[in-house]
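Asker: In case you want the letters, here they are:
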Amino acid sequence: MNGAPQVHYLNVDYGIRSWLFTTDHKRIAWLYLLSVTLFFFFGGFFATLIRLELMTPQGDLVQAETYNKFFTMHGVTMVFFFLIPSIPAVLGNFLVPMMVGARDLAFPRLNLASWYIFILGGLFTLASAAAGGVDTGWTFYTPYSSIYSNSHVALTVVGVFVTGFSSILTGLNFVVTIHKMRAPGLTWFRLPLFIWAIYATSIIFILGTPVIAITLLLVGLERVFNLGFFDPARGGDPVLFQHLFWFYSHPAVYIMVLPAMGVESELVTAFARRRVFGYSFVAFSSLAIAVIGFLVWGHHMFVAGQSVHAGLIFSLLSFLVAIPSAIKVFNWTATLHRGSISYDAPMLYALGFIGLFTIGGLTGLFLASIGVDVHVHDTYFVIAHFHYIMVGGSVMAYLGGIHFWWPKMTGRTYPEPVARVAALIVFLGFNLTFFPQFVLGYLGMPRRYHAYPPEFQALNVMSSAGASILAVGYVLPLIYLIWSLRYGRVAGRNPWGARGLEWQTPSPPPTHNFDVTPRVVAEAYAYDKEPEETYEFGSPSRA
Amino acid sequence: MNSAVPAAPDAFEVRAHQFEDVEQQHHASWLGMWVFLATEVMFFGGMFAAYAFYRVGFPNAFAAASNRLDVTLGAINTAVLISSSFTMALAVHGGETGRNKAAIRYLLLTMLLGAVFLGVKFYEYHEKFVEHLVPGPAFRFEGPHAHPAEIFFSLYFAMTGLHALHMIIGIGLLTWMALKARRKRFSPIYYTPIELTGLYWHFVDLIWIFLFPLLYLVGRHL
Amino acid sequence: MSNGAHITVKTYLTVFVILLGLTALTTGVAFIDLGGGLNNFAALTIATVKALLVVLYFMHARTSDRFTWVIAAAGIFWLLLLLGGTLDDAITRNQLPGELQLTP
Ligand SMILES: [Cu+2]
Numbered sequence: 001m002n003g004a005p006q007v008h009y010l011n012v013d014y015g016i017r018s019w020l021f022t023t024d025h026k027r028i029a030w031l032y033l034l035s036v037t038l039f040f041f042f043g044g045f046f047a048t049l050i051r052l053e054l055m056t057p058q059g060d061l062v063q064a065e066t067y068n069k070f071f072t073m074h075g076v077t078m079v080f081f082f083l084i085p086s087i088p089a090v091l092g093n094f095l096v097p098m099m100v101g102a103r104d105l106a107f108p109r110l111n112l113a114s115w116y117i118f119i120l121g122g123l124f125t126l127a128s129a130a131a132g133g134v135d136t137g138w139t140f141y142t143p144y145s146s147i148y149s150n151s152h153v154a155l156t157v158v159g160v161f162v163t164g165f166s167s168i169l170t171g172l173n174f175v176v177t178i179h180k181m182r183a184p185g186l187t188w189f190r191l192p193l194f195i196w197a198i199y200a201t202s203i204i205f206i207l208g209t210p211v212i213a214i215t216l217l218l219v220g221l222e223r224v225f226n227l228g229f230f231d232p233a234r235g236g237d238p239v240l241f242q243h244l245f246w247f248y249s250h251p252a253v254y255i256m257v258l259p260a261m262g263v264e265s266e267l268v269t270a271f272a273r274r275r276v277f278g279y280s281f282v283a284f285s286s287l288a289i290a291v292i293g294f295l296v297w298g299h300h301m302f303v304a305g306q307s308v309h310a311g312l313i314f315s316l317l318s319f320l321v322a323i324p325s326a327i328k329v330f331n332w333t334a335t336l337h338r339g340s341i342s343y344d345a346p347m348l349y350a351l352g353f354i355g356l357f358t359i360g361g362l363t364g365l366f367l368a369s370i371g372v373d374v375h376v377h378d379t380y381f382v383i384a385h386f387h388y389i390m391v392g393g394s395v396m397a398y399l400g401g402i403h404f405w406w407p408k409m410t411g412r413t414y415p416e417p418v419a420r421v422a423a424l425i426v427f428l429g430f431n432l433t434f435f436p437q438f439v440l441g442y443l444g445m446p447r448r449y450h451a452y453p454p455e456f457q458a459l460n461v462m463s464s465a466g467a468s469i470l471a472v473g474y475v476l477p478l479i480y481l482i483w484s485l486r487y488g489r490v491a492g493r494n495p496w497g498a499r500g501l502e503w504q505t506p507s508p509p510p511t512h513n514f515d516v517t518p519r520v521v522a523e524a525y526a527y528d529k530e531p532e533e534t535y536e537f538g539s540p541s542r543a
Numbered sequence: 001m002n003s004a005v006p007a008a009p010d011a012f013e014v015r016a017h018q019f020e021d022v023e024q025q026h027h028a029s030w031l032g033m034w035v036f037l038a039t040e041v042m043f044f045g046g047m048f049a050a051y052a053f054y055r056v057g058f059p060n061a062f063a064a065a066s067n068r069l070d071v072t073l074g075a076i077n078t079a080v081l082i083s084s085s086f087t088m089a090l091a092v093h094g095g096e097t098g099r100n101k102a103a104i105r106y107l108l109l110t111m112l113l114g115a116v117f118l119g120v121k122f123y124e125y126h127e128k129f130v131e132h133l134v135p136g137p138a139f140r141f142e143g144p145h146a147h148p149a150e151i152f153f154s155l156y157f158a159m160t161g162l163h164a165l166h167m168i169i170g171i172g173l174l175t176w177m178a179l180k181a182r183r184k185r186f187s188p189i190y191y192t193p194i195e196l197t198g199l200y201w202h203f204v205d206l207i208w209i210f211l212f213p214l215l216y217l218v219g220r221h222l
Numbered sequence: 001m002s003n004g005a006h007i008t009v010k011t012y013l014t015v016f017v018i019l020l021g022l023t024a025l026t027t028g029v030a031f032i033d034l035g036g037g038l039n040n041f042a043a044l045t046i047a048t049v050k051a052l053l054v055v056l057y058f059m060h061a062r063t064s065d066r067f068t069w070v071i072a073a074a075g076i077f078w079l080l081l082l083l084g085g086t087l088d089d090a091i092t093r094n095q096l097p098g099e100l101q102l103t104p
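Chains as they are written, first to last, in the working numbering: chain A, 1 to 543; chain B, 1 to 222; chain C, 1 to 104.
A portion of the hints provided could be inaccurate.
Computed, partial: chain A to chain B, Cβ under 10 Å [to be verified]:
hint, residue
1, Pro-108
2, Leu-112
3, Glu-222
4, Phe-225
5, Ala-451
6, Pro-453
Calculated Cβ distances over 12 Å to all of chain A for the following chain C residues [as the list claims (entries may be wrong)]:
hint, residue
7, Lys-10
8, Ile-32
9, Ala-42
10, Ile-46
11, Val-49
12, Ile-71
13, Ala-74
14, Gly-75
15, Gly-85
16, Asp-88
17, Thr-92
Please keep in mind that the hints were generated in silico from the structure rather than gathered at the bench. No experiment lies behind these values; they were computed from the predicted model shown. Backbone N, C-alpha and C fix where the C-beta goes; we use that ideal spot for every residue, glycine too.
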């Protein structure tokens, strides 16, 4: 079994050059994993500073200007440099070719270029942080960003602009790969639901990201050449910026959460040992979310001065997105029903995801109705809502996915008991951090202020305490996952007994993923069959 | 080193390792290019949306400002760009039928027409500069519409500038293709790069087909 | 596998001539007052016809597989979503008392 030393993608070549010039999707996934982890802790550093400042009602750690830079750097880093690339670029890169039975993505060199573009964009943003930071908020609202702010807006905007092309090219690569590179017999309705989710995400990458790119370009042009696109003093309309910005940035929420939903479908089926309930509903709800997600952006602008007519339409359409999301939650729950469930760490994250995503989604409906939104707009209620989606949803699923596929990526298993403890700490810390913020927001505490009335202190201290617990929960996996690289048990090709195609090749996989191109005869969740009945590794591949 | 290169590469050599065969590879590249162009539609789309938004808000100002553009030069340039699309189509046709010389000839002709377009464009920019129609502190526009007219010209320069940038990139690609063709890198089995360059070039033409009436022809009848 | 295999030089030439003709037409029509916003309609219709000709013939969409059509359609559909949402706001602005308006 694991006797003879085996050649795989990790030991086929050594040295820094073999990593920096690799075109192997699995190695590029590692490049992304390292870089987004760094960005995660960079963004987390600013979150820590924010929570520290908010321990007391007065501004004692920093004053307003610095505080503005803290939450801007936190938002920009977490959104553009962690959440958006996290699951697609790390797990997607690693898994998409393996799940479709291909040797690599369709355009491996483009894939490597995407990583370099990502890093280039990241460097611009880090440079702006080093030069003194930005204070516009991650939304770059005009005319503040285009005219009045004297922080390093241009540098950051260039960083986000450049990084956008990394997303676009990654999405392009995925779409072409999923269309053209599937193994024989792997029909659309045999694909893992993770692939459907990544496909839907790629649609948003391809059709949404260019709009934010051009919008930020216009802001940059306005700033540099003194134009008046968004300057009300010169006939421009700041609300137009918000239209263009949210046309991308609302769907960007689905860039962050759709891949998480894909991971979720894999985890729930593997640990309940059941076929997913209502496969085609889960699959098509991903596409539905990708499309409907583009119809609702005006719900960020109810109080910004868009027309009442537009507000009503956007409000109505926003409720529609709840339908495909609810379908998914129902189907996962139905899959769990009567499943033989094992509570390994990935499953703990998956269960946490279902609960937290549901809370995040339902509070989103509050915000979608104009009347309630007028009350809680720009308060901590909004902060809590989107952190439940992005941290409670996406980050939980990301961690669950990293744990689940860690044996495949490294060939080693992580230590299960400590991983379960870490998952529980993350869940507890998260709720303690963000649930009080719902209350704070409902009571009227506005976002983006470094000081607040004393009566809000108790809840803020709770939140800050929760954040420190959450930090422990995030540092723990960093430690034991690194530890397991050397000391973890050797995993074998399929430690979870899962049915996906990626588990039918050695761990770590060989450079070309499969020694023999597989032939697929059943869907990825055939837990009622043996893996041998789902995949045929017959004749050697043509390569 | 040239002597070592075979006259026309056979199917096996042009296939990258991740593909099963050249046909799959060609399909993938073709799709990839179309997907990229869909991205480009939305890239320009943001500016078209901004244009439409302000055109609805300031119809009269846009008409007045549009009348300051040189419609003759605009129409001539449209014809030039359409001609370059035609020669580009012929270059791709040359590639796919294995007429390498014709392909090179038409690639060069396409580049030439592209350069003419850019020349006319920069002449127009210069005119606008002289007439104080470049947005910014030096912008002068008589009448009640100065502010929205400045927005019109901001959009004019942003949209045509981005379009011109695409043209410049396109001419770069054409140069590369012409060089590759001269080294006989293409055959009827493998001419994908010319084909994709063609798609890109036609797309740039497509954008201009909309830019011309939207920028030059507003309110000419008034 | 060649997407343009069925298109002849003669077809390209015909399309080219039609495109030049439409350019002349759209320029000419712009100077005639058609009234009632018909000038805008004419300009956009002619541009759309020209664009279709370029896509179908020069870009070989006519002889391509279904998925090429889907991608092209998706690009157009998403562009219409963007235009639709922003224009809905622009057109319905300032219809109720107290709403903001675009001020020149
Ligand atoms: Cu939203």
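Asker: Each hint should be assessed against the structure and marked as holding or not.
Answerer: Okay, the hints, checked on the actual structure:
Interface restraint check: Pro-108(A) against chain B, minimum CB-CB distance 6 Å, threshold 10 Å, status holds. Annotation: Leu-112(A) was flagged as interfacial toward chain B, and the flag is violated, the nearest CB pair being 13 Å apart, outside 10 Å. Interface restraint check: Glu-222(A) against chain B, minimum CB-CB distance 8 Å, threshold 10 Å, status holds. With a least beta-carbon distance of about 6 Å to chain B, the hint placing Phe-225(A) at the interface is held under the 10 Å criterion.
With a least beta-carbon distance of about 37 Å to chain B, the hint placing Ala-451(A) at the interface is violated under the 10 Å criterion. Of the supplied interface hints, the one on Pro-453(A) is violated, with its beta-carbon coming no nearer than about 40 Å to a beta-carbon of chain B, more than 10 Å. The claim that Lys-10(C) is not at the interface with chain A holds, since no C-beta of that chain comes within 12 Å of its own (minimum 33 Å). Even its closest Cβ contact with chain A, about 30 Å, leaves Ile-32(C) beyond 12 Å, as expected for a residue assigned away from the interface.
Here Ala-42(C) stays apart from chain A, with its beta-carbon at least about 27 Å from theirs, past the 12 Å limit. Remark: the non-interface label on Ile-46(C) is consistent with the geometry, its nearest Cβ contact in chain A lying 26 Å away (cut-off 12 Å). Once the 12 Å rule is applied to beta carbons, Val-49(C) is consistent with being away from chain A; the minimum gap is 25 Å. For Ile-71(C), the non-interface assignment is contradicted: its Cβ lies about 9 Å from the closest Cβ of chain A, within the 12 Å cut-off.
Its closest Cβ contact with chain A, about 7 Å, brings Ala-74(C) to no more than 12 Å, contrary to its assignment away from the interface. Not every C-beta of chain A lies more than 12 Å from that of Gly-75(C), the closest at about 7 Å, which undercuts listing it as non-interface. A beta-carbon of chain A is positioned within 12 Å of the beta-carbon of Gly-85(C); the least distance is around 7 Å. Consistency note on Asp-88(C): stated as away from chain A, yet its beta-carbon is not over 12 Å from all of that chain's, at 5 Å minimum.
For Thr-92(C), the condition that its CB be more than 12 Å from all CB atoms of chain A is violated, with the nearest at approximately 4 Å.
Taken one by one, the earlier hints fail for this structure at numbers 2, 5, 6, 12, 13, 14, 15, 16 and 17, listed in ascending order.
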